[in-house]
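In order, the protein sequence lines correspond to chains B and E.
Numbered according to my numbering, the first sequence spans residues 1 to 228.
Numbered according to my numbering, the second sequence spans residues 1 to 403.
One or more hints might be untrue.
Chain E regions said to be covered by chain B (calculated; three or more residues, Cβ under 8 Å) [to be verified]: (1) 17-26; (2) 39-52.
Label-pair ranges, simulated between beta-carbon atoms [what the hints assert, rightly or not]: (3) LYS144/B <-> ASP398/E: 18 to 26 Å; (4) GLY13/E <-> ASP186/B: 57 to 65 Å; (5) ARG118/B <-> ILE290/E: 56 to 64 Å.
Because the hints were derived from the structure by calculation, they are not lab data.
Note that CB positions come from ideal geometry on N, CA and C, so glycine has one too.
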Amino acid sequence: MDLKAQNISKRFYRKAGESNYFYAVRETDLELPSGALSVLMGRSGSGKTTLLSMLSGLLSPDTGTVTADGRDLYSMDDRKLSAFRAARISVMPQGRAVLDTLSAWENVFLNARIAGVRDESLVPRALELMERFGIPDLKEALPKELSGGELRRVMLCRSLLLSPEVLMCDEPTGDLDDQNTALVLDSLRDYAHQGHTVLLVTHEADAVSYADRLLQMDAGRISTPDPV
Amino acid sequence: MLKSIRSTFVMLGECISMSVDNIRGNKVRSFLTLLGIMIGVTAVITLISTVSGVSGSIASSFSEMGVGTLTVTVTGSDLKSGMTPDDLKKVSELEQVDGIVPTVTMNGRVSYGNQVETNIPVSGKNAYYFVLNEDLIIQGRSLNYIDDDNNSYVCVVSQEIVDTFFFGVNPVGETIYVSGLPFLIVGRYKEDSGGGIAAIFSGSPDIMIPYTTGMKINNSNEVNSFTIYLAEGADSETAKSNVEDLMDQIFDFEEDCFTVTSMASIEQTMETMLGMMSTLLAGIASIALIVGGIGIMNMMLTTVTERTIEIGLKKALGAIPWQIQIQFLIESFLLSIFGGLLGVILGLLISYALCNVLGTSFVINGGAIALGVGFSAAVGIIFGWVPARKASRLNPIDALRSI
Numbered sequence: 001m002d003l004k005a006q007n008i009s010k011r012f013y014r015k016a017g018e019s020n021y022f023y024a025v026r027e028t029d030l031e032l033p034s035g036a037l038s039v040l041m042g043r044s045g046s047g048k049t050t051l052l053s054m055l056s057g058l059l060s061p062d063t064g065t066v067t068a069d070g071r072d073l074y075s076m077d078d079r080k081l082s083a084f085r086a087a088r089i090s091v092m093p094q095g096r097a098v099l100d101t102l103s104a105w106e107n108v109f110l111n112a113r114i115a116g117v118r119d120e121s122l123v124p125r126a127l128e129l130m131e132r133f134g135i136p137d138l139k140e141a142l143p144k145e146l147s148g149g150e151l152r153r154v155m156l157c158r159s160l161l162l163s164p165e166v167l168m169c170d171e172p173t174g175d176l177d178d179q180n181t182a183l184v185l186d187s188l189r190d191y192a193h194q195g196h197t198v199l200l201v202t203h204e205a206d207a208v209s210y211a212d213r214l215l216q217m218d219a220g221r222i223s224t225p226d227p228v
Numbered sequence: 001m002l003k004s005i006r007s008t009f010v011m012l013g014e015c016i017s018m019s020v021d022n023i024r025g026n027k028v029r030s031f032l033t034l035l036g037i038m039i040g041v042t043a044v045i046t047l048i049s050t051v052s053g054v055s056g057s058i059a060s061s062f063s064e065m066g067v068g069t070l071t072v073t074v075t076g077s078d079l080k081s082g083m084t085p086d087d088l089k090k091v092s093e094l095e096q097v098d099g100i101v102p103t104v105t106m107n108g109r110v111s112y113g114n115q116v117e118t119n120i121p122v123s124g125k126n127a128y129y130f131v132l133n134e135d136l137i138i139q140g141r142s143l144n145y146i147d148d149d150n151n152s153y154v155c156v157v158s159q160e161i162v163d164t165f166f167f168g169v170n171p172v173g174e175t176i177y178v179s180g181l182p183f184l185i186v187g188r189y190k191e192d193s194g195g196g197i198a199a200i201f202s203g204s205p206d207i208m209i210p211y212t213t214g215m216k217i218n219n220s221n222e223v224n225s226f227t228i229y230l231a232e233g234a235d236s237e238t239a240k241s242n243v244e245d246l247m248d249q250i251f252d253f254e255e256d257c258f259t260v261t262s263m264a265s266i267e268q269t270m271e272t273m274l275g276m277m278s279t280l281l282a283g284i285a286s287i288a289l290i291v292g293g294i295g296i297m298n299m300m301l302t303t304v305t306e307r308t309i310e311i312g313l314k315k316a317l318g319a320i321p322w323q324i325q326i327q328f329l330i331e332s333f334l335l336s337i338f339g340g341l342l343g344v345i346l347g348l349l350i351s352y353a354l355c356n357v358l359g360t361s362f363v364i365n366g367g368a369i370a371l372g373v374g375f376s377a378a379v380g381i382i383f384g385w386v387p388a389r390k391a392s393r394l395n396p397i398d399a400l401r402s403i
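Bound conformation, chain B alone:
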């Protein structure tokens, strides 16, 4: 699925200096093709997460449109958009985005539960993903018993479980060591090369070498949309 943003902007209320607003994303055009790992880099506060939120259907832009295979995401009502996202777009947010009352295994299945998917074939896939990311023994562990890096990998397994057409990851390697960082980046590139649309938001310099498309964000604008 190709994702396309046209002239999107988003501003937030913030009393700073002479203006009451600041632009997190400003008049940005962007296309995310399928089959390629797009890496969005930039300093903290440059608008990366806001852009990811708008592209994934979580945050309505003030101006412009976001289309998925030609379909305007924000012309759908809340119910349809949620169902569309649950079925086709997977987001891996920053931080500890897990439910503390569920085990690691249950957290991996959270997407499937929300989407109402009950498929026995998901069990071997979940096992395979946990194996691949080096956390097969942590099925029964609760989030509070896991390290930051282990939690990231649980979240990654969750994001990949339903094989979404579009995968957007916000700082997925934040708490990982070099070896696991390489493993995750490698997996994301492989996943993209299987024909999926993958956007990786990071400020990890190592990610550059894995990118099929490198996007640089600065002060709400994409400054270097050059292919690598």
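Add chain E to chain B, keeping to what the hints say.
Positioned in the frame of chain B, the structure of chain E alone reads:
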């Protein structure tokens, strides 16, 4: 279409499952949330069940006292102040009437030898009274129809009289003086004189004499109060109506000469009053349920704020607003219903203990249980609605920022 319906059911199942997971995962918070409902339902069940038990006991006491009786009080008219023995005979000959017991009471000065006691309760009874209470006499004989007809100066005495005047002496055959008149003691009776509601209301006498003799001592040839014992299977309302008709004739259709009270109607009035009391108490206790419901709403609203991350994450992962709303509603419903069930169990236990202490029968009131559980379920849905709606409208981006 079929796939979409199946998917909706799976989602609904997941909502229930996630609600249960969340309740189990936050045991202390869940318990505190359901505490209000539990206390409310406990109060309702305890009150209704205890009042039911008391009501049942009162009804059975009335039944023991004699539901098949009519109590007649005569105020009389200017020409006729009471009922003569002939009038009473006419009443006793009515089809539905088994017999009547007139009530003649006085407080007498009683003496035997040199010993004198005053204010001794003396009651005039007829032979039928002793037919009704055949086990009453424990020594000698009872008063009979001949005694009634002849205004005999005979009496039966209680154990208290025996202890007072005849310690170590057989009282039967002795003569005792009541209000200066000599009475031959023909029998001794048990302290618990029985005799139905009239005896209970008039107190237990120490000496019983023929009622006709009692009337004579009172310088009257009429009685102003008597109890009618109905024949087996007689309808008390029909009998009451027939007695009223006859007494209207006796009193020449003068107004307000007498009142006939059916024990069945007293019992019915009592039951109605207890029912009203029960409803009133349940109404007051229901306030506790509403307070419990508000407690649930407060706790759920706090929970929404506390669970911003969870809600935001689920929405970010594609949860449809109704999924979030349903999950919160199911949670508040389950908490309420669980609180309600705990309240029912606790209420029944407390009611059982109270009934034991009060000495009344314990009754499990199905209506009260249905009311308690139904009300708590409704409270859960009504008071869970606002927090559920708030949760479903939460902006996922705001939530994800706080991760």
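Structure versus earlier hints, numbers of those that do not hold, lowest first: 2, 4 and 5
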